[in-house]
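Undergrad: Listed below are the residues making up each chain.
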Amino acid sequence: MSAASDAVQLTAPSNPVSQSVRDSLVVAKRNLIRMSRIPEMVIFGLIQPIMFVVLFSYVFGGSMQIGGSTSPTDYRNFLMAGIFAQTVTFATAGAGAGIADDMHKGLIDRFRSLPMARGAVLTGRTLADLVQTALTLLVLAVVALLVGWRVGSDGDTNAFKVLGAFGLLLLLGYAFTWIGALIGLSVRTPEAATSGGLIWLFPVTFISNAFVDSSNMTPWLRHIADWNPFSATVQACRVLFANPGQSTSEAWPMQHSVWASVIYSVLIIVLFRTLAVRKYRSATA
Amino acid sequence: MPGAIYAEGLVKTFGDVRALDGVDLDVPEGTVLGLLGPNGAGKTTAVRCLTTLLRPDSGKAVVAGVDVLKNPDAVRRRVGLSGQFAAVDEYLTGRENLQMVGQLYQMKAKAAKVRAEELLEQFNLSDAADRTAKTYSGGMRRRLDLAAALVVSPPVMFMDEPTTGLDPRNRQQLWDVIKQLVSGGTTLLLTTQYLEEADHLAHDICVVDHGRVIARGTADQLKAQTGGERVEVVVHDREHMATASEVLRGFGKGETTVEEHTRKLTVPVTGGAKLLAEVIRELDTRGIEIDDIGLRRPTLDDVFLSLTGHLAEAKDEDISAADGTGRQRKKEAGK
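So the protein lines, in turn, are chains D and S. Anchor point for the first sequence: position 216 equals 216 in our numbering, and the numbering is continuous, going up by one each time. Anchor point for the second sequence: position 91 equals 1091 in our numbering, and the numbering is continuous, going up by one each time.
There's no promise every hint is true.
Unchecked claim - Taking lysine to aspartate or glutamate and the EDC-like style, the derived pairs with C-alpha atoms no more than 16 Å apart in a straight line are:
id: 1; chain 1: S; residue 1: 1113; chain 2: S; residue 2: 1130
id: 2; chain 1: D; residue 1: 29; chain 2: S; residue 2: 1090
id: 3; chain 1: S; residue 1: 1179; chain 2: S; residue 2: 1196
id: 4; chain 1: D; residue 1: 105; chain 2: D; residue 2: 191
id: 5; chain 1: S; residue 1: 1253; chain 2: S; residue 2: 1278
id: 6; chain 1: S; residue 1: 1134; chain 2: D; residue 2: 191
id: 7; chain 1: S; residue 1: 1223; chain 2: S; residue 2: 1255
id: 8; chain 1: S; residue 1: 1060; chain 2: S; residue 2: 1127
id: 9; chain 1: D; residue 1: 105; chain 2: S; residue 2: 1090
These are calculated hints, taken from the structure and not from any lab test. This structure is a prediction, so every number in the text was calculated from the model and none was measured.
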């Protein structure tokens, strides 16, 4: 037994916060190594949003009315904020499946038997997913530019605002991976976590302002869309990108979309992190 | 003074199944306790309670001098757990797995690296150190899992069915590793459904069934409880069975059992090897040709059979994997 390991097992960690950060980074590194060794997962994660960009732009492009215009260019500029936001929420499924897989393989047991910070396994996973989401967004933004998306197409913007919009998208994606973490801990198989992580995202992302102008929806549906946390981020991105089709709804989240986006995401993180960490403490394979 | 692993009245229920129904354990420092029982007996649940993975409904547990319920994190720093199925990350290399576990035991990155190297060497995994665990054989994965449990050389180890599913060669290898570990002073609690394994590795054995300890003692004590030795003879010629039976009756201390189809006769005896020699001489004098003869002492299989009325055979590997979880089903091992 080395002197170092002796010291380790007998002394309690001095600072719980730095221990938590360190443990989370160790787990995040592990998950990133994993992702790099299963590149097909990352690639499939990229193909889907790219397909959406191309399909929506060309199939729906000519038939959608955005702010009174039916020009495909306007629809493309309108659409991208929605596709970006939908893409970041799909990270939910990856996080859920990864954690369910760890449960299934007994790795969560291993982690729970170690003297590590309680939330670190989940935080590490969500951080790794955040890196993947950032990568996906980058690729997607390039594709969007290729099909003709331009920031500042409906007013003025600047680099600071555009980066801010991507920041909001990452924050939303990060928040949703905590929902995925809770799902992953609650289901029995990785397969269930994948489908359980995805199905509810369709109503959430479609009953919103992401793909169509929500002002054309029936009133009750429009109210849901206006108050949907997801819509807030989409609206905020349109505002910051200065893209067309911004909602003129009186609803508070539409009027103060940047604030609404931040508040919603932070609330989701706080709520679902608390629930997920509590669930983790008593998790059994 | 309580031992390195001590439990008193542990109870854990899952729904209406009492997985642990008042288990007491006391493992002196530096010894090996074999927890022996069929699937669903509560072995895994006991290990999970003692390693802080499950909170018992009631009872008391002290591991390495620390109260498990009051101070779980201090227990985690002092124990190593090697589970039923090898819990290693298959997309990480052997080295990366061990380094990660070391760091999560709060070792510095550099110390974790050095320790990983030592363990890879010790567990004969150096050549495979930089391959992902996905490419490892079953035996290699078990060794890696065990190495991961030993990263901080914990004074107390728990191994939950360490050799389930391994071929005989790999099992023997793992046994050697475990013996080496114990000779270094580690206290070990080992669960197994292989009676031979408990016999081989454990100083003391607790037989559990339906969440209760139904017998405890050394392997020899348990065997003695079951009954003494017997002479077993297999005669070559079926026609000689009657004569052989007559001979055995003369030496035996009880009824002779005769198995016609295997031509095997068994009789309880006292007197050991000396008596066996006499039996052989007598059979020879009478011109009875024998295929096999031996002095048989009871195996732990006999012990289990006499204690529970059923054999401790594995009936369903899947159930053992789910043991101790919400999915656990109550199961009669001997159906």
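Undergrad: Against this structure, judge whether each hint is valid.
TA: Each hint, compared with the structure:
no., hint, result
1, 1113(S) x 1130(S), "holds, 13 Å"
2, 29(D) x 1090(S), "holds, 15 Å"
3, 1179(S) x 1196(S), "holds, 15 Å"
4, 105(D) x 191(D), "holds, 13 Å"
5, 1253(S) x 1278(S), "holds, 15 Å"
6, 1134(S) x 191(D), "violated, 20 Å"
7, 1223(S) x 1255(S), "violated, 20 Å"
8, 1060(S) x 1127(S), "violated, 44 Å"
9, 105(D) x 1090(S), "holds, 9 Å"
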